[in-house]
Every structure is written in structure tokens, then in C-alpha cells.
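Chemist: Sequence:
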Amino acid sequence: MAEYKLQGLSCANCAREMEEEIQKLENGEDAKVLYNSSKLIVKDDISLTQVEKILANDGTAIVKDEHAHDDHNHTHAHSHSNRMLKTLIIMSAVLYFIAIFVGKWSEGIAITIFIIAAALSGYQTFIQGIKNLFRLKFNIDTLMTIALIGAFGIGEWKEGTLVAILFGINEFLEGLGMEKARSSMEALLKVAPKQATLIANGKEQIVSIETLNAGDIVLVKPGEKIPSDGIVIEGKSSVNEAAITGEPMPVEKSIDESVYGGSINNEGILKISITKSYEDSSLAKILHLVEEAQETKTPTEQFINHFAKYYTPAIIIIAIIVMIAPPLLAGADWGKWFYQGLAVLIVGCPCALVLSSPIAIVSGITRNARNGILIKGGVFLEQLGKIDTIAFDKTGTLTKGEPFVEIMKVFDERFLTIAGSVEKLSSHPLAKAVMRKVEEASAPLIETTDVETLPGQGISAIVNGERYFVGNEKGLPTTAMTASIQKEITALKDQGYTLVTVADKEKVLGLMGITDEVRSESKQIINELHQAGIKHTVMLTGDHQKTAKKVAEQIGLSNYYANLLPDEKVKKIKELTQKGKIAMVGDGINDAPALATADLGIAMGKGTDSAIETADIVLMQDHLGKLPSAVRISKRVNHIIKLNISLALGLKLIALLLTIPGWLTLWIAILSDMGATVLVTLISLTLMIEAKKKGYSIF
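Per our numbering, the very first residue in the sequence shown carries number 1; after that it's consecutive.
Since the hints were made in silico from the structure, they are not lab data.
Please note that a few of the clues may not be correct.
Pairs of lysine-lysine, PhoX-like flavour, derived with a Cα cap of 20 Å [claimed, not checked]:
| id | residue 1 | residue 2 |
| --- | --- | --- |
| 1 | K221 | K285 |
| 2 | K104 | K53 |
| 3 | K550 | K493 |
| 4 | K523 | K400 |
| 5 | K409 | K474 |
| 6 | K400 | K376 |
| 7 | K546 | K493 |
| 8 | K194 | K271 |
| 9 | K309 | K285 |
| 10 | K221 | K194 |
| 11 | K131 | K53 |
| 12 | K158 | K336 |
| 13 | K581 | K376 |
| 14 | K409 | K309 |
| 15 | K409 | K376 |
| 16 | K505 | K474 |
| 17 | K376 | K635 |
| 18 | K505 | K409 |
Just the calculated beta-carbon pair ranges, DEER-fashion [unchecked claim]:
| id | residue 1 | residue 2 | range |
| --- | --- | --- | --- |
| 19 | G155 | W105 | 49 to 59 Å |
| 20 | S258 | Y123 | 17 to 27 Å |
| 21 | T479 | H428 | 24 to 34 Å |
| 22 | D280 | L657 | 32 to 42 Å |
| 23 | T49 | V94 | 51 to 61 Å |
| 24 | Q195 | R135 | 41 to 51 Å |
The model shown is predicted, which means the values in this text are computed figures rather than measured ones.
C-beta atoms are modelled at their ideal positions from N, C-alpha and C, and glycine is treated no differently.
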């Protein structure tokens, strides 16, 4: 498939119609005209000459510049087109007022000036409309052309010209709104690096990132972008990973640590061994998915497009009825009702309706992407706004996924020294938690001998000539298990702790209560989700009941389910989906079945391949911090789309009702249409305005 940039694509309804025309060509069945990103995708063997002819019929063209795929040129093409239209509209407005003034002395000269003014602001529309009339194709250009010819035909020169000028303003504002949304997306895509400093045979050379392969060594200087995913093999620096994670704080990187392509090296010089060619890197996958996401049609958009397909012909039929029914049935004035019918044609413009969704969708997806939240399609953005229950995996999602010592019961001053001395050589996760606590307390360590592993119990070793035991309560000497110790052990286990005991042959030196540390932000996140409109927050975990209860109560979850195997998590998700719309949040690997079963799968994991491929939404950070923001944005997008549709149809309905008493005029008709288009555009753009107020560097 070949991809081309387009210029002059300013009408969503026209884009749909052009796509349908191109699909009728030989080898054109898979063609796509992407309105949101202003692109054309066709098969390589399609006739480009025929495609360009169809595009030209609607004032659209393929960008021929040799740098056609450069975002700057694409933006420049749109800006140039809009500036030209703006100039023509201003000239038309000036001529319009001159014509009104001249009309007091010479009607003929005034009519000539009115015609020139109308031609300047809408000549492209009306040329296209004439072509459409001969092809019996009825869209907004056809409607406006019929209305203008009709108005001039009955001598309404002033109103006809005003309609042309206002329609030009409408087209300008519509194009400006979509251009703003597109430029925000293009700004996001510009984070991709363009070249790299390759070290080969001891020499440095500048190469395009497309030529890099796994195993290549690159040099990244301060201020430069890291060209692709890799491992640091020399140097130390802080790296800005905002392009991947949305996190503004720099991350320290040293030898053997991984880095992401598109990240910015702040101060040091890094040598990096590339682990993935650029097209396989995390950033490339993210940008590709974001580009795809803005073009996926939501159910609402699909309905609007289907509705608009039949809406325009219906309006033409209504206009004809308005023109002929009153004169035929009631003997009313033909001229008056012909005028009313022309106004109905203008009211019927579907632009505002078709535009009610795309700008909001693109803004929502882009804003989330800037926050490090990858939403794979408008359909998932819309779905997130309808979710009322979110289910979370526990380990690594609500908790850090690594054990830590939360509570200690010390009965002997030797406790930490013995614990550290015995556990220092063990690689067991619990032993690592013990060692972190020992290091935190700066307890001295002693050499051990005769170390013995006791399966299912723990470790014993000789320290200073005496044997000690470190492990669970099952390995404690009988003499050490006194009533008071048993009471302490039972109390800790009832609180959901995993126990590590330290004892000699006769007594217990101390107890450690170990748990999976709850993330510091989890409680606040759950609270923010409830405030954002999520009714139920649920935890699904394979951990035992007491631990699950402790975590759930600590962070304020609505409910929890413990002792679940992976297939039982899937079963529980199916049960919950019967009660409402549910999203599942997990790590994208272990929870893949549950993520796929839920209405919406949300993976977290800082850009891992599995996370990107598994879920519908990916939190590129390694925490849930941005999830409430994503929920709020999606709910806002849904609200804006509903409001836009209501305004677009509501204003048209009010204008059409004015035909009953015969009050509808051409300028009221164009103002109702223009008003609806301007309103839906401005309301959609408030997503961006709010982002700036809150301090995000979004657009």
C-alpha cells in the first residue's frame, strides 16, 4: 500500500464521498481517505491519474513536494491554503459593503460588485457545485450552489452574496479547527529522531536511523535524541523519557541499563548498543499505533457517517416540498416559498454534524499520548468514558510486586545481625527483603559456616559457633515455640503477613512481617477514579484472603476477590461484565486472558512489547498515576461529542421550524449552519485549551 499526504482536505463529509469514489476504481477497493490525518492510502497498482482527478473534483490534491512526507511541509501547505482563503474572505467582505454603498446610486454596478464578492469567497465551492450538478452528485457544494443561483435568480443579490461570504468563513473556521487538531498530532509524531552517530571501525559517522540494526553502537551527546531502544555500554547521564512515558522527571542511566528510542540525553555522553532496529522500537510502535488510532471510527462516528449519507438527499426532497407544496395546496406566493426552499437547502449542510466527532477524538487521543497513555483507537477512547467498574491485578499494579519488611518484633538485640549473616548469600525474594531491612539498619554482619537449606522451612547456619535458624514458623525449635510467641505469630498471620522468624536452639530472637509493598500512590489513585465517575474498583488476586483484604482496605477498593487462578480471573471478569462496563488493569503478560475478556484491557509496564500488543490502552509509565486523567478526558470527549451532535441537529431543527410561518431567510439559514460548525469546533478545541491551563505541554 502507498501512502500520500493531501492538501485542501477540509470537509469530513467530502472525504467520505471521495473515498467511496476511489474505491470504485480498479484496484481501489481498499483505498482510504483519512480525514483526521489528511492522508490517502491506496494500492501501489491503482491509477494515480484517476485518483488525482477524483481528488481535484473536491479541491484536494496529493502533495507533490519531494519532502511530501515531512510534517512541516504538510502543515505549511494547510497554513498557506487557509491564509489564501482568509485573504479572499476579507476582500469579499470589503466589496460587499462597497456594493451596498454604491447601490444607492447605481444598481447595475452594485450587482456586478456583489457577483465579484460572491465569486472571491466561494468560487471553489461553486465551481465544484456546478460539476456536481452535471454528475447528479448532491453534497454541501451542490446545495450551496443551487441556493446561490436561486437567490441571484430571484434578485436577492445582497443576501446571496452574504450567504457566499458566511459560507467562506464557515469553511475557513472548519479547516482551521481540523488543522489545529492535526498539527497537535504532527507535533507528537515529530519526537521521532531522524539520524544517529554510528561508531563503526573506531570512526563516527552520521547515518539515518532507518539504517540502524541490532548490535550497532551509537554515540549520543548531550541534548541529542537516543535513536532506538538499546543498552548503555559506556557513560552515565540522566535521560528525559517523556516521549515514551509522559513523565517529565529525568531518569538516571548508567552501564547495563536500558534506554528508549526518542528519549533525550540530558548532560553526559552515552555509548549505546542498539537492541532493536528503529521500526521495532517502542517509540516507533507507539507512533504507528497513535496514527492508526486517530483513524479508527467509533460507533458514534460510524452512525454519523451513515446518517449523513442519506441526510443530504432527504434535505433536497424537503426543500422541493417547501418550494411547491404551499403554492400548489394553498395558492401561496411561488416566489416566497421558492426562497424558503433555498434557505432549507442551506440549513441542510451536514458539515457541523460530521465534524462533531473527529476534532474531539483526535484531541483526546493526542492529549493522552502526550501523557504517556497510548489509546489504540477512538473506539477505545469512547469505551473508556463508559466504564463504570475497573478491576485491578494486585501484584505489580496496586503493589510494587516485591516483598518488603513492614513490621518487626524484636526480642533479642542479635536479631538483625543474625538474620543478615544467615540470609546474605541467599537469592530468595524474602531473603532480599530481609537484607534490605538489615542494610537500612546498618546492622553488622558475621561470617557463617555450615549453611544448610531446609526445604519448605528456611535456612540454618553456624554463627560464632552457635547454630541459628531463619525461616518460617515450621522450622522453629519446639522449645522456642512458647505461648506468647505463638500468639505473636497468629496475630501477624491474621494481618496477612508472610513470616520470617529468627531463632537459636532455645528461643526466638525476633519476627518479621513481610508483605508486597502497596504503591504509595495507589490510595490516591483509587480515590481520584471514584471522583472521576468510576462506581466500583475491584481487585483480583491469586494471593490469600487475608493479604487481599488488607490491601483492599488500605487503598479503599470497593471489593476484592482472592485465591484466583488465571482462569478464575477470567470467570470473575465475565461475571462482572454482566453487571456493567468493566475495564481490567494488569501487566499485559500474566493477565492477558483477563485483559482480553474485559470490555477494555488496560496494561501498564513502561512500554514493554507485550503490554503494547496485548491491551486496548497502555499506560507507558510503571504506575497508575495517569489513569484518572485518561478516564476524565474520555468522559469529557464523550460529553463533547453528544453536545456537538445535539447542537448541530438542534440549530438546524430550529431553523427548519421557521419555515412553517415563512420566517426562514437565507442569512438565518447560513448563520444556523455556520453557528453549529463554529460551536462544535470551538467546544472540541476546549480539550486543548484546558490542557494548557493545567500546565501540560500538550499542543
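Chemist: All hints are to be evaluated individually against the structure, with a verdict given for each.
Modeler: Hints, one by one, checked against the model:
1. A hinted pair counts as satisfied when its Cα atoms are at most 20 Å apart, and K221 with K285 does not qualify at roughly 24 Å.
2. Taking the CA atoms of K104 and K53, the gap is near 45 Å; set against the 20 Å cutoff, the hint is violated.
3. A hinted pair counts as satisfied when its Cα atoms are at most 20 Å apart, and K550 with K493 qualifies at roughly 11 Å.
4. Taken as a hint, the K523 and K400 pair is honoured in the structure, with Cα atoms around 13 Å apart against an allowance of 20 Å.
5. The suggested pairing of K409 with K474 holds, with an alpha-carbon distance near 18 Å, which does not exceed 20 Å.
6. Of the supplied pair hints, the one linking K400 and K376 is violated, its CA atoms being roughly 26 Å apart against a limit of 20 Å.
7. A distance of roughly 8 Å separates the Cα atoms of K546 and K493; the hinted pair therefore holds under the 20 Å criterion.
8. Straight-line distance between C-alpha atoms of K194 and K271 comes to about 18 Å, which keeps the hinted pair within the 20 Å bound.
9. Between K309 and K285 the alpha-carbon distance is near 35 Å, which puts this suggested pair outside the 20 Å criterion.
10. Simply put, K221 and K194 have alpha-carbon atoms about 15 Å apart, close enough for the 20 Å limit, and the pair holds.
11. Our distance criterion of 20 Å between C-alpha atoms is met by K131 and K53, whose separation comes to about 13 Å.
12. Between K158 and K336 the CA atoms are separated by roughly 16 Å; this keeps the pair inside 20 Å, and the hint holds.
13. Simply put, K581 and K376 have alpha-carbon atoms about 18 Å apart, close enough for the 20 Å limit, and the pair holds.
14. With a C-alpha separation of about 74 Å, the suggested pairing of K409 with K309 is violated against the 20 Å cut-off.
15. This hinted pair does not check out: K409 and K376 have alpha carbons roughly 49 Å apart, beyond 20 Å.
16. Of the pairs offered as hints, the one joining K505 and K474 holds, with about 14 Å between alpha carbons and a cut-off of 20 Å not exceeded.
17. Only pairs whose Cα atoms come within 20 Å are accepted, and K376 paired with K635 is accepted, the gap being roughly 17 Å.
18. For the given pair, K505 sits about 18 Å from K409 by alpha-carbon distance, which is consistent with the 20 Å threshold.
19. At about 18 Å, the beta-carbon gap between G155 and W105 misses the expected band of 49 to 59 Å.
20. The hint said 17 to 27 Å for the Cβ distance between S258 and Y123, and at roughly 57 Å that hint is violated.
21. Here the CB-CB span from T479 to H428 is close to 26 Å, well matched to the stated 24 to 34 Å.
22. Against the hinted window of 32 to 42 Å, the Cβ-Cβ separation of D280 and L657 comes to about 58 Å, which falls outside the hint.
23. For T49 and V94, the hinted distance range of 51 to 61 Å is not satisfied, since their beta carbons lie about 40 Å from each other.
24. Roughly 48 Å separates the CB atoms of Q195 and R135, a value that falls within the hinted 41 to 51 Å.
The earlier numbered hints that this structure contradicts are 1, 2, 6, 9, 14, 15, 19, 20, 22, 23.
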